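K.L.:
Turn these sequences into a full structure, and let the hints steer you where they fit.
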Amino acid sequence: VVGTVGSTVLTPTGPGSTTTFTVDITPTALGAWSFTLQVTSNDTTDPSYTIAVDGNATPGGEIDIQQPAPASIANGGPQTVNGSVAGATTQLIYTVENTGTGDLTITGTGTLGALNNVGVVVGTVGSTVLTPTGPGSTTTFTVDITPTALGAWSFTLQVTSNDTTDPSYTIAVGGNAASGGEIELQRPALSPIANGGSDNVAGTVAGATTQVTYTIENTGTGDLTITGTGTTGALNNVGVIVGTVGSTVLTPAGAGSTTTFTVDITPTALGAWSFTLQINSNDTTDPSYTINVSDTAVPGGEIHVERPVSTNIFDGGTDNTGNSHVAGVGTVLTYTVRNLGSAVMTLSGVAISNETNCAVVVTGALPGSIPNGNSAPLQLTVTPTASGSFSFDFDINSDDQDENPYDIHVDGSAAPGGEIDIQQPALTSIASGGSQTVNGTVAGATTQLTYTIVNQGTGDLTISGTGTTGALNNVGVVVGTVGSAVLSTSGPGSNTTFTVDITPTVLGAWSFVLRVSNDDTNENPYDINVSGSAAPGGEIQVERPASTVIPDGSPDSLTGTHVAGVGTVLNYTVRNLGTAGLTITGTAFSNEINCAAVVTGALPGTIANGAFAVLQVTVTPSAAGPFSFDLDINSNDVDESTYDIAVDGTALAGGEINLQRPGGTTILHNGSDPVTGAVAGASTSLFYTIQNLGTADLTISGQSFNTNNNCNVTVFAPAVNPIASSGSTTLQVDVTALSAGTFDFVLQIDSDDVSEPNYIINVSGSAAVGGEIHVERPVSTNIFDG
222 VVGTVGSTVL TPTGPGSTTT FTVDITPTAL GAWSFTLQVT SNDTTDPSYT IAVDGNATPG
282 GEIDIQQPAP ASIANGGPQT VNGSVAGATT QLIYTVENTG TGDLTITGTG TLGALNNVGV
342 VVGTVGSTVL TPTGPGSTTT FTVDITPTAL GAWSFTLQVT SNDTTDPSYT IAVGGNAASG
402 GEIELQRPAL SPIANGGSDN VAGTVAGATT QVTYTIENTG TGDLTITGTG TTGALNNVGV
462 IVGTVGSTVL TPAGAGSTTT FTVDITPTAL GAWSFTLQIN SNDTTDPSYT INVSDTAVPG
522 GEIHVERPVS TNIFDGGTDN TGNSHVAGVG TVLTYTVRNL GSAVMTLSGV AISNETNCAV
582 VVTGALPGSI PNGNSAPLQL TVTPTASGSF SFDFDINSDD QDENPYDIHV DGSAAPGGEI
642 DIQQPALTSI ASGGSQTVNG TVAGATTQLT YTIVNQGTGD LTISGTGTTG ALNNVGVVVG
702 TVGSAVLSTS GPGSNTTFTV DITPTVLGAW SFVLRVSNDD TNENPYDINV SGSAAPGGEI
762 QVERPASTVI PDGSPDSLTG THVAGVGTVL NYTVRNLGTA GLTITGTAFS NEINCAAVVT
822 GALPGTIANG AFAVLQVTVT PSAAGPFSFD LDINSNDVDE STYDIAVDGT ALAGGEINLQ
882 RPGGTTILHN GSDPVTGAVA GASTSLFYTI QNLGTADLTI SGQSFNTNNN CNVTVFAPAV
942 NPIASSGSTT LQVDVTALSA GTFDFVLQID SDDVSEPNYI INVSGSAAVG GEIHVERPVS
1002 TNIFDG
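All residue numbers for the sequence shown refer to the working numbering, where the first residue is 222 and numbers rise by one.
Treat the hints as calculated values from the structure; they're not laboratory data.
Quantities reported herein were computed from a predicted structural model and do not represent experimental measurements.
Beta carbons are placed, not taken as given, at the ideal position from N, Cα and C, and that holds for glycine.
Just so you know, nobody snuck in bad clues.
Restraint-style ranges between C-beta atoms, simulated for each label pair: (1) 620 with 574: 18 to 28 Å; (2) 300 with 632: 52 to 62 Å; (3) 942 with 996: 25 to 35 Å; (4) 301 with 267: 35 to 45 Å; (5) 825 with 942: 36 to 46 Å; (6) 349 with 448: 34 to 44 Å; (7) 410 with 348: 24 to 34 Å; (8) 790 with 906: 26 to 36 Å; (9) 712 with 945: 43 to 53 Å.
P.N.:
Here it is in structure tokens:
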């Protein structure tokens, strides 16, 4: 190929007297070659100037440089790079092709001469020896171009080789830098992946999702706008979910210059998988940034951690537990550990580290393995040491290929405050949201439970309400109020109780939700799911006096004043509130202190449902002062088979009146005294013995009668007054029936007996017609019979 001359008219002298032209010679094959070169002109002697040109062709490499491939750039030619941004790196990929007939050896890549307003990094070629044909005839190298400032920039790119005609292949590269965003993709952060590059994601498991996080950084001099993230082309043996970026506009520098997005990768089956990730932006040189993501999925366990259930916490992530913790009070954190893999996942332990202002223990350990598709809970209890921020790290060790260990950073904040704990029975805690099964309930009968509330916190706990929430299922419920609404942090004031009366409506299952409202920061309201099953049976209830219930396990504090050495009769009403007969198997006394207790009126063997019976207990204090004993009533009640009552009282030293007629026959207070042998119109003398059964003197303060019918009555003073302890005296009463027939009157004896200060008996009889002897000596001085 013969080129044209640079100038067709040449002057006789000076610069215009010469010109040039080129001749490109390409031997067709190995061996000798020749041709005749001709130049025609207006030279009068050599109008046709010829040269016999020849040579011998040998095999050899011939360099050709392309960017982008297959667009060739001639040796010494220019290249204009558009879209460069000041301060941002643009990477160009150059292709070197051997178009010769022999091997081409690349001996170097770099720049030649000055770098004008630009920084340049020239990579090495992938292969230094290129064959004449086939895949080995090309190679590539990269050139990173970073304009220093706004405006024009230039440099000379040089590639040296064994090309005999172009041993130094140069390209004049230039451009104009503007301000603008420049995208760079990194994984992990600070590890760039070039546009068109590859990212191998190791450790993927067939059927399990691996999440990777990519960082986008704006390395330019102006804002970078991200317009989209996704995939392009086919998804090969893989499912992919590409998240959105945290920020769509990235500043040139500072905290706002980076953002992240996640990609969830789920291989469909075992074996190789791949896809192309694409990020679109306003980068002028890389508006569509793609990387080829691939690897090979293997069978295995794939760990996945959640708290609460269905809320993922990724490996290396943070679990912020909030500010509802109380200093000094443990909080249970329950993590769900899932195996999303295609084989059993083996767990080798949990390690806790970096505990700051807290103590952490594993209170619910993981099993040794989790089958694929299953899960297990991990329970950690964290107790802040003091008010303020706290944190810790924990690692779950497993045979997961790419997440071993699985690390989670946990943080939160604690303040002083109340921490509620509900117990039933006392010392047996029921967690908030937990369940309680009540055994032994009887249809139609009331079971009373006593709940204890304990403040385990570092500040006061206020109880604002007790009750139920939601439906009452086959049950009636009465919730009592707490004994104290404000609980202190320690001591007796740190706990209180309340009662719940449960009455199943009919036979069968019953349930309700018990709710306690309070100011605990993380357990308000405190709900307990209470349930049971009602059966037919007897249900015992004890009262004293009648209609005043004494719950099982409760005290019966005796009112009034008791006298040492004097028995007091206690009448207990025992009811059967159940749906079947209640069998009574006995009564028992224990822990008798300063007293003796005996059954003076026993219960029957069975009390029908809806019926009652009276248990009579006589207690005799031994001496002045407090006394007590325990009474147990044994029955077939399913949840109160031993109905226990703690009886207590206080005894004083004092007199205790007892009235007899005739001697040895006691007439009880409000009792009756029948009189025989009375004759109308004649006086009958009645002699009563007054005994003092007490431990101190008994003083008789008066004796009288009232409501006398068909009779006249005379009451004389006692022979001895006061009456010493264990002593006695005689009281005479004369009665005269006015006519034949019945007569009656009420006799009253007043004393300082503390329990019977007005001792009353009802006296009655029937008078006959007849003589009535009466003897005197001297006259008017009676001498009684006997």
